[in-house]
Amino acid sequence: MKVENLELPRVEGEARLELFWKDGIIEDAKVCIASVRGIERVLVGRHYMDALVITPRVCGICGHAHLIASVKAIEDALGIKPTEKARLVRNITQSLEVLQNHVKWFYLFMMPDFILLEERLRGLYEPFKGERWHSAIRIASRITMGIALFSGQWPHSSYAIPGGITSEPSVKELTSLRQILLELKHFFLSYVVGMEEAEFVKCLKEGSWRKLNGDAGLFLELCHREGLLTLGSSYNRLISGGGLYAPCGYFMKKVVHGRLKVDQIEELNAPSYSGAKPVRYRGMPFETGPLARQLMSGNLMVKSMHREFRDSFAVRVLARVLEVWSIAEAIELWIERLKEVLHEKSTSLGRFPSKATGIGYGIVEAARGTLIHRISVRNGNIQDYAIITPSQWNLGPRCENFLGVAEKAMVGLKSKLHAQMVLRSFDLCSVCTTH
Amino acid sequence: MRVFWLQRLTCCGNTHSFLNYESLHILSKRLEFLYHPSLSLKAQEEAVEELIKSGEGIDILIVEGAVRTDEVETRELCKIAKYVIAVGNCAVYGNIPALADETVCGLSYRFKERKGLLDEGFKSRSGMPVINLSGCPAHPEWIVGTMLMLAEGIKPELDQWGRPKEFYSSLTHWGCTRNEYFEWKVEAEELGSKRGCLFYHFGCRGPLSYSSCNTILWNGVSSKTRAGTPCFGCTEYDFPRLGLWETKQYAGIPAELPIGVSKRGYIMLSGIAKMFAPERLKGEG
Ligand code: SF4
Ligand code: SF4
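These protein sequence lines are chains A and B, in that order. Just so you know, the first sequence maps onto residues 0 to 434 in numbering that gives the first Met the number 0. Just so you know, the second sequence maps onto residues 0 to 284 in numbering that gives the first Met the number 0.
It should be emphasised that the hints constitute simulated quantities derived from the structure, not laboratory data. Errors might be hidden in some of the hints.
Claimed, not checked - Below, computed lysine-lysine pairings styled on DSBU-like, alpha-carbon distance capped at 30 Å:
no., chain 1, residue 1, chain 2, residue 2
1, A, Lys338, B, Lys193
2, B, Lys41, A, Lys413
3, A, Lys344, A, Lys80
For clarity, every value in this text was computed on a predicted model and none was experimentally measured.
Isolated chain A, as found in the complex (with noise of 0.2 Å):
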């Protein structure tokens, strides 16, 4: 048995990959992950709101996710309640981040490996120099304007709080997001499918994915000609915490909407070779993301690809590169609400306790899948803190009964840049794996 020790190149974050061959064919793989910055130790002791500003800091690309699923663990804990605009604003940012991860996810972590299979494809995807690659940062930078415009910055900002926001946002903003959007969905229509609206909205409700043009559909012809349609399959075992657009659920065999108990929720220790623990649900290990949430909403496109290939690289792509519209068009209809409810309050507390005792979970959904923070707070202090996040889920290493999600991927597969691709399929994240 051959085994190969690789680094790898665009993920958030380090990592390392380990592939153990036989015969030609990756027999196992082992996603390793080492550096832990222990933040939820730093978190211990201090005050509850001092989470607020330190949890983002687990990730630079989500971490206003994190900022969301503290002050939702946080109100939790207190029992108290945003005010509907609050909940709407927060709603809008968080999916904005989701819509900037995505489209820099897919240009500038996805497709430059497709360069190594044809050259000819540099002039798009090029770091640095390719056309594409520009227009893709350009785009998200104006995505994450749009987050700024309610939260003061993007990354890292602290404007979520217990009862709703720091920030009162005015029509004024409102329209400039409306234009932010509209800008998205020209670069989506234009560059990613490459289709007039009308046709893609035909496609999408036949579910006819063979259809796409542009970007996506590039990538599909690419997948097609590499095998990638059918490889990269894990164990098809697919979960979302809900929230956002998408209703919470798990596909197992079939989608079964419904709460995610949390008390079925396990994190495991750790093995040798990661410091990512993994997490299971009902003893099972699941994949999260967008691909879950797609069929829990009811994607037809990532429906009719699944029900062909499965839990494979493409349509786990796919359903990454969808998405975007479908939040766009949530992110609309957030719009049109909020401006009834502009002249509410933006919190419902504008002081927060400085005592406060209890224990909160707060779940979201982060571009890579399910997050969820658990807090325990005492006297106004954090006693506990922690922190499963969705690279955990996916990138997670193995435990007795079952290799991680992302390692059971790779498994089978011929050549090493697959493996490489497969896992990075994922959206890896090293410093949310371990955080």
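Knowing the structure of chain A, use the given hints to seat chain B with the ligands on it.
Just chain B with the ligands now, kept in the frame of chain A:
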């Protein structure tokens, strides 16, 4: 200018802050990005190997994230770089990762002590010490602005923490839209409003932190204080302090006063200011 970007213990926030820079496409025509861990096609090992083989060295080495006190490769790369830039509070002071681990620090500092990875007298090939761009994260204009100065052959003047004065000689407080409330001591009694200053009740560090957040806006449009969030002083060595949302007070007076203000002066002025504060600043308005 050949730029090499390294990441150590980081959340990658500075990378994403940098990617917000408005005209990256023009920038990448002026600067050659040899390597960036989240963006390049190749892996770091390969990039470092190529770099050593080429013998051409690095013009700008950017380090993002905190380091460990015994990191050989980072130290070696610092030596062959013309300029070294530590970007983000982790790379400058150690920040959050250093709170949890004693062997973690920044390039020059561990919090306020000069106990970083590099020796106190460290100079890069140009003769300059490490250029520190503190902030959690650093603003894209500070990062790109510094690189552009170097590309133009300008060596930025640094403050006592090794930060370019161009970006770190003014307080967050400057340009804050709540300044008039501060002057007249009209305090925000609640969060969630455009009105009132956040200094007295909500721990705003604006008058105690050097950063240009309110003059070079974030994402071109806003800042923490504009969004009603207090400044947490994330450009300073003591970020993140304990009790970030509260102002410690002794006998009703903030334990720490704005830089350069005496306690006596503060008491006198604030009493008068409060008394004569214009009506339009008070109440909901
Ligand atoms: S300084 Fe802040 S933004 Fe920078 S790496 Fe550290 S936590 Fe992330
Ligand atoms: S909110 Fe902070 S930065 Fe703004 S005026 Fe008050 S003290 Fe200064």
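Each hint tested on the structure:
1. A:Lys338 to B:Lys193: Between Lys338 of chain A and Lys193 of chain B the Cα gap is close to 18 Å, so the pair holds against 30 Å.
2. B:Lys41 to A:Lys413: It holds: about 21 Å lies between the C-alpha atoms, which stays within 30 Å.
3. A:Lys344 to A:Lys80: holds, 13 Å
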